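J.: Residues in the sequence shown are numbered consecutively from 1, following my numbering.
FYI, nobody ran anything at the bench for these hints, they're computed from the structure. The structure displayed is predicted, hence computed values, not measured ones. Here a beta-carbon is modelled for each residue, glycine too, at the ideal position from N, C-alpha and C. Certain hints may be false.
Said to hold, decoys possible - 16 Å max Cα-Cα, derived EDC-like pairs, lysine to aspartate or glutamate:
# : residue 1 : residue 2
1 : K122      : D218
2 : K161      : E83
3 : K161      : E90
4 : K122      : D10
Unchecked claim - If you anchor each label on the Cβ, the simulated ranges turn out as follows:
# : residue 1 : residue 2 : range
5 : Q135      : V163      : 16 to 22 Å
6 : F37       : W291      : 23 to 29 Å
7 : Q288      : V87       : 24 to 30 Å
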Amino acid sequence: MLLIVSSPEDVHAQAIQNALHPKQSAIWNPNWESEFFLSSTFRSSEARVEVRSTSSGIDFDSVTAVWYRRPISAMPRRLFRTESYFVARERDDALEGFFLALQQRGVALYNLPSANYASATKPAQYAAAVRHGLQVPETLISNDPQMVREFLQQNERAILKGVSLSGLDTGDKHYAIFVSEVDEHAFSTLDERLPPCPVTVQQLIDWAHAARLILVDDRVWCFTTARAAQLDWRLDTRARWQSAAIPAEIRGSLTALHASLGLRYGCVDMLIDTAGVWWFLETNANGQWLWLEESSGFPLSAEMAQALLSQHHFPQAA
1 MLLIVSSPED
11 VHAQAIQNAL
21 HPKQSAIWNP
31 NWESEFFLSS
41 TFRSSEARVE
51 VRSTSSGIDF
61 DSVTAVWYRR
71 PISAMPRRLF
81 RTESYFVARE
91 RDDALEGFFL
101 ALQQRGVALY
111 NLPSANYASA
121 TKPAQYAAAV
131 RHGLQVPETL
141 ISNDPQMVRE
151 FLQQNERAIL
161 KGVSLSGLDT
171 GDKHYAIFVS
181 EVDEHAFSTL
191 DERLPPCPVT
201 VQQLIDWAHA
211 ARLILVDDRV
221 WCFTTARAAQ
231 LDWRLDTRAR
241 WQSAAIPAEI
251 RGSLTALHAS
261 LGLRYGCVDM
271 LIDTAGVWWF
281 LETNANGQWL
291 WLEESSGFPL
301 SAEMAQALLS
311 QHHFPQAA
């Protein structure tokens with residue numbers, strides 16, 4: 001059985017569950033406040049886990065694969081902020097131990113929570129991408145106005161984006177951070193804006209197509225869209241996506257990249273320039289893909305569901 005660890009409102013989790021027989025999968029959002037008890041035992045001879053959850057109705061002994069996606073864990077209202085941080089960290093580490101014990105029992109994990117967190121760091125992604133033969137746009141991550149100014153002088157056109165985060169939550173509002181080209185105003189205000197917070201400055205790629213690739217172990221699905229007017233394809237609400245072939249060398253580099261980052265599932269964004277060169281931008285361990293299925297008509301949910309259950313060979317990290 002595939003255990004999908006996520007919120008019941010997660011439409012991507014629902015899509016995978018709907019593609020399988022009811023007995024082949026279950027969505028589980030650990031509810032620490034209501035009849036949920038987790039125990040992981042580690043001995044020299046074995047690693048054992050026990051879950052008592054009278055509300056979930058899940059037979060954890062039948063789990064053969066776990067897809068850790070986006071669970072939501074509410075904090076008790078009686079806790080202060082500092083206590084909430086402590087409790088959240090203890091919960092996260094206890095769940096990590098639970099999944100590690102399952103892994104030692106032979107359960108396939110997509111992915112360990114710690115791997116999701118560590119792989120989100122863009123500098124680690126860029127370093128691994130270069131190591132595995134992927135083309136990466138010339139990139140500077142810095143809060144030094146002089147270094148950024150020199151980079152912009154050496155690159156005729158460049159873009160600005162966040163170092164790791166794609167949005168900002170203020171409590172009552174969420175602000176998305178989209179890619180923007182460096183203009184005269186941004187260039188002239190570097191000294192006053194930069195020092196408190198690093199920024200990513202990157203060579204602007206003259207791209208013809210954007211690509212999103214979904215990886216489950218060594219299975220890779222690729223979808224592309226032709227460039228329209230927007231620099232950031234996420235702003236183009238009318239973009240049409242289609243299933244596309246992927247060069248063998250790109251496929252090999254991406255599976256090796258994911259293995260080195262400890263990922264068995266993830267979504268990769270790439271750009272294909274006017275000369276046909278594939279440029280790596282990032283990988284997202286919790287990436288979205290449902291709109292690709294809806295736009296292209298390709299049965300991605302069904303194929304991903306079978307891949308998550310079949311436990312494909314996991315390439316070893318290089």
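J.: If a hint holds in the structure, say so; if it doesn't, say that too.
T.: Hints, one by one, checked against the model:
1. Using a Cα cut-off of 16 Å, the hinted pair K122 and D218 is violated, with the two alpha carbons roughly 22 Å apart.
2. With a C-alpha separation of about 33 Å, the suggested pairing of K161 with E83 is violated against the 16 Å cut-off.
3. Restraint check: the Cα-Cα separation between K161 and E90 comes to about 32 Å, which exceeds 16 Å; the hinted pair is violated.
4. Proposed proximity of K122 and D10 is contradicted: the alpha carbons are some 25 Å apart, above 16 Å.
5. Taking the beta carbon of each, Q135 and V163 are about 20 Å apart, inside 16 to 22 Å as hinted.
6. The hinted window of 23 to 29 Å between F37 and W291 is violated, with their beta carbons roughly 38 Å apart.
7. Taken as a hint, the range 24 to 30 Å holds for the pair Q288 and V87, whose Cβ atoms sit roughly 29 Å apart.
Checked against the numbered hints listed earlier, the structure breaks hints 1, 2, 3, 4, 6; every other hint is satisfied.
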